[in-house]
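For the record, the sequence lines run as chains L and V.
Numbering-wise, our numbering puts 623 at position 368 of the first sequence, and it's gapless, one number per residue.
Numbering-wise, our numbering puts 1552 at position 369 of the second sequence, and it's gapless, one number per residue.
Be aware that one or more of the hints could be misleading.
Computed footprint of chain V on chain L; a stretch qualifies when at least three of its residues, placed anywhere within it, have a C-beta under 8 Å from a C-beta of chain V [said to hold, decoys possible]:
1. 711 to 725
2. 729 to 735
3. 746 to 757
4. 760 to 766
Now the in silico label distances, taken between C-beta atoms and shown as ranges [as the list claims (entries may be wrong)]:
5. V:1525 x L:526: 15 to 23 Å
6. V:1459 x L:380: 52 to 60 Å
7. V:1255 x L:526: 50 to 58 Å
8. V:1555 x L:542: 37 to 45 Å
9. V:1448 x L:379: 28 to 36 Å
10. V:1459 x L:542: 40 to 48 Å
11. V:1529 x L:443: 29 to 37 Å
12. V:1529 x L:472: 42 to 50 Å
13. L:538 x V:1310: 51 to 59 Å
Simulated from the structure, these hints should not be mistaken for lab results.
For glycine and all other residues, C-beta sits at the position ideal for the given N, C-alpha and C.
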Amino acid sequence: MTTLSTQVLIIGGGATGLGVAWDACLRSLQVTLVEQGDLGQGTSGRYHGLLHSGARYAISDPASAVDCRRENRILRGIARHTIEPTGGLFLSTPHDPPEYPDRWLAACRAAGVPALEIAAAAALQREPLLTPRLARAFEVDDAALDSFELLHAMARGVVDCGGSVLLRQRLVGLVSRPEGMLARIVSLTDGSVIQIEAAVVVNAAGPYAGSIAAMAGAHLPLALGKGTMVAMASRLTHTVLNRCKPPHDGDIIVPVGTVCILGTTDTPVVSPADLAIEPWEVNLLLAEGQAMIPSLRRHRALRAWAGIRALHRPAAGASETRSLPRSHALIDHRVEDEVPGLVSIIGGKLTTYRKMAEDVVDLVQGRLGGGRPCSTQHTPLPLQSARFYSVGERLRSSPDRAVSEADPILCECEMISRSSLSQAIRASGSADLDDARRDLRLGMGPCQGAFCAYRAAALVAAILPSAPADGGLAGFARERWRGLVPLAWGRGLRQLDLLRRVQLELLGAEAGGDDR
Amino acid sequence: MSDSVIVVGAGLAGLTAALLARSRGLEVRIIAEGRGSLSLSHGCVDVWRDGPLSGAAGDLSPHHPLRRAGSAGMQAALDEFLTLIHAAGLPYHAATASPLRLPTATGSIHQTTAAPFSLANGSLDETGPIHIGRIPEIRDFSAGLVASGLRSRGVANVAVVDLPLPPAAAGRDASPQRIASRLDRPSVREALCRDWAPRLRGVRRLGLPALLGLAQPAAVLADLEARLGISLFEIPTLPPSLPGLRLEQSLRRLCTARGIQIVEGPSVRGEVDGRSAGRRASGVVAATAGGPRRFLADSIVLATGGALNGGWLGFASGEVQDSVFGLPLDAPADREQWVTIDPFEPQAFARFGLRVDSRQRPIDPRGRVYFENLFAAGGILAGADRTREGSRQGIDLASAYLAARGIAG
Chain L
256 MTTLSTQVLI IGGGATGLGV AWDACLRSLQ VTLVEQGDLG QGTSGRYHGL LHSGARYAIS
316 DPASAVDCRR ENRILRGIAR HTIEPTGGLF LSTPHDPPEY PDRWLAACRA AGVPALEIAA
376 AAALQREPLL TPRLARAFEV DDAALDSFEL LHAMARGVVD CGGSVLLRQR LVGLVSRPEG
436 MLARIVSLTD GSVIQIEAAV VVNAAGPYAG SIAAMAGAHL PLALGKGTMV AMASRLTHTV
496 LNRCKPPHDG DIIVPVGTVC ILGTTDTPVV SPADLAIEPW EVNLLLAEGQ AMIPSLRRHR
556 ALRAWAGIRA LHRPAAGASE TRSLPRSHAL IDHRVEDEVP GLVSIIGGKL TTYRKMAEDV
616 VDLVQGRLGG GRPCSTQHTP LPLQSARFYS VGERLRSSPD RAVSEADPIL CECEMISRSS
676 LSQAIRASGS ADLDDARRDL RLGMGPCQGA FCAYRAAALV AAILPSAPAD GGLAGFARER
736 WRGLVPLAWG RGLRQLDLLR RVQLELLGAE AGGDDR
Chain V
1184 MSDSVIVVGA GLAGLTAALL ARSRGLEVRI IAEGRGSLSL SHGCVDVWRD GPLSGAAGDL
1244 SPHHPLRRAG SAGMQAALDE FLTLIHAAGL PYHAATASPL RLPTATGSIH QTTAAPFSLA
1304 NGSLDETGPI HIGRIPEIRD FSAGLVASGL RSRGVANVAV VDLPLPPAAA GRDASPQRIA
1364 SRLDRPSVRE ALCRDWAPRL RGVRRLGLPA LLGLAQPAAV LADLEARLGI SLFEIPTLPP
1424 SLPGLRLEQS LRRLCTARGI QIVEGPSVRG EVDGRSAGRR ASGVVAATAG GPRRFLADSI
1484 VLATGGALNG GWLGFASGEV QDSVFGLPLD APADREQWVT IDPFEPQAFA RFGLRVDSRQ
1544 RPIDPRGRVY FENLFAAGGI LAGADRTREG SRQGIDLASA YLAARGIAG
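Given the sequences, and given the hints that come with them, work out the whole structure.
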């Protein structure tokens, strides 16, 4: 069996884990990161896309508000290409408590979070679909953050610094020894097993962090909460919209690419696999969204999905996870469980991932003996491509002219050309079209893969000898279908029927077509 | 004056019902909001995927649309369709004992009952080597997937041959539909054959994405086969699918030639005849650009299609209604039961629709007709998961046939 050794082993390829890896690399630590799926396949990728200004937490959690305000500015400096500066609005509608805005505004001032009242008419001019019955409107520094871009940029940075990022590898054993930690890792692609020796293991596995800690004999009680989001098929707003009321289910709408996302609900769940979406969640998100955009129901809901947020729950009691502090918990298992080589980082939000990573690496570095200060706050992340939405912009900026017979567009909704898709397939070596989706947004637009999936599957089959006979078409059809199921009425149901008729009847996709 | 019929919907069921009613001496008008979904169709007639209907008809639930037709009714409907489509200049080949086995764009095997000759030529029951043409300009068809899929299903002797399009055929926009139109011109076919002939040495049977002509596909196929000296067949591509478009155009031309007016664009609402105490429908009100317009008729056929086509609407509240008369459909009020998590599994929503009596008239849960002169055909009928069963066109034709007979009395 191969045995590798590293100073810091990080479990989890989400924003937290990659943030820790990147921070540690910049402090010259040797790092290896292990992720059981693809980058951002867990909570970080199942997120609404909001870079918080802090205003959301001004009353409920002022410390988080301060963190968000500071991190928001830092991320705009170091990861500009992942952030679309949409700005944000807080809207007080007739459905919201009329006394709340003044209290909230005072709390924003106290936390140093900029919030500027504008005339309701000015808000309507900026976003014409808003309800004309706006009571008050405030501008804040919200933005849309592409978490997939952010994660890829950090992974690239880690690899460029000599660190390792191992994808589709699952931790199956973790032992604490006097000289450090020993981890057993199984490859989910070919079943091979390796061992990794590490001085310190950072457990950043989100909802799986409890079971990771348990492998090493440590105790890490978690509260898991499921958050459901709905993507609308069009970009109904160009500004992040927030309800100006106490934080609750369904109070934000975030423009992301060609769509906009309604978020989120919060339901306690038992397992990270509890991702099933219930009709009441979708109904609630649409109803709440309608308070800000009355015509919402006339637009097509494209897709629903859920992510699991994990929070540290030191004392027993199954309370709603929204009322637990969102700020993160850093647990040193040397103190708690006499496992000196294990550190767990739990909770937090995407906006503050960098600060969480800084705290983790401060602790780890203390353990390893070293005194370099954190430098992630002023080190720009490696630049990937930026793909923000404006009509015509993507056509203009496309290096391969969009309408070219030599390099046709394969996914019209997301403007993905054949050359960029083959590049992504070659780079990842993965025959899974869902990985191409996370890389390029393949099949994430209005057709949900009904048309582009076949073209993409053909390309996968042509490039990779390991591809299944149908190029992965059946698996991708299943995956896209899953997110349409919670929205299966009205036009959503028509879309489902279209997907099924095109792929099964016309193209002859078969259930076992992607067996290898 | 002869009796008049309004057919709502211009898909395969609507066009066929209109033509069959016309051939029974009725005055027919079609009103259609959209164009149906023939552009998504492979153009074949699927009656029952697993084999002849006679074997399955007895096992079908009493409300399955094909159960009502029976295998004799199905055969009669198919015969009338074949006569119509032949008259329209698009001859079909019908399987006799066992189904036709044709390649799909993913290299799976499509079992069907009748197909236009250009597709039927691809029957996998014929032996001998097959080549699949790889046309790099076309993104909606992959020769590689066809060949590897067929091989993995035990079809031996499949190879791929590279066939770039000459500029005359490719033009500036290499979509199958545009190329098909170009190939309607003899000069383009001549250029294509000059270019391809040297690449086709040793090829005897060649499969191509469906693009061999749009207006006169039979003539285009015969001409290309003669010029190249090989046997050609087509495989349907991503929508717009040429074999489906040809079927639509042929049937529409025939409608026009036989005096059936097609009113396109308006959505329609059913109108109940107050003088008959609500027993009859008097016609439909169409939302035209010039305002609402009434079309009165002695009989009305709903050929409005299924979920995709908007023949019925499923609301967030859990209600499901036909979209013209607002007739309630039999569906679970709990939306979670409408769809399962895997598209390859049976889907409850696919079976939603109207139940009908022996004359194809919609009936309520107690078996009473809603209106004595209202008929239904095609995708709006309840009781069949057409995608899974491979029964879509069989249901369209059989129910159109029964509706036309039901109207003629």
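For each hint, the structure was consulted:
1. For the segment 711 to 725 of chain L, the proposed coverage by chain V is satisfied: 6 residues have a C-beta within less than 8 Å of a C-beta in that chain, meeting the threshold of three.
2. Residues of the segment 729 to 735 of chain L lying with their CB closer than 8 Å to a CB of chain V number 3, which satisfies the three-residue condition for coverage.
3. Counting residues of the segment 746 to 757 of chain L whose CB lies closer than 8 Å to any CB of chain V gives 9, so the stated coverage by that chain holds, three being the minimum.
4. With 7 residues having a beta carbon nearer than 8 Å to a beta carbon of chain V, the segment 760 to 766 of chain L meets the requirement of three or more and the stated coverage holds.
5. Between residue 1525 of chain V and residue 526 of chain L the Cβ separation comes to about 21 Å, which falls inside the hinted range of 15 to 23 Å.
6. The hinted range of 52 to 60 Å is satisfied by residue 1459 of chain V and residue 380 of chain L, whose Cβ atoms lie roughly 55 Å apart.
7. Hint check: residue 1255 of chain V to residue 526 of chain L, Cβ distance near 55 Å, so the stated range 50 to 58 Å holds.
8. At roughly 42 Å, the beta carbons of residue 1555 of chain V and residue 542 of chain L sit within the given window of 37 to 45 Å.
9. Against the hinted window of 28 to 36 Å, the Cβ-Cβ separation of residue 1448 of chain V and residue 379 of chain L comes to about 34 Å, which satisfies the hint.
10. At about 42 Å, the beta-carbon gap between residue 1459 of chain V and residue 542 of chain L stays in the expected band of 40 to 48 Å.
11. Checked against the hint of 29 to 37 Å, the C-beta distance between residue 1529 of chain V and residue 443 of chain L comes to roughly 31 Å, which is consistent with it.
12. Residue 1529 of chain V and residue 472 of chain L have their C-beta atoms about 47 Å apart, which keeps the hinted 42 to 50 Å range intact.
13. One distance hint, 51 to 59 Å for the beta-carbon pair residue 538 of chain L and residue 1310 of chain V, holds here, with the actual separation near 58 Å.
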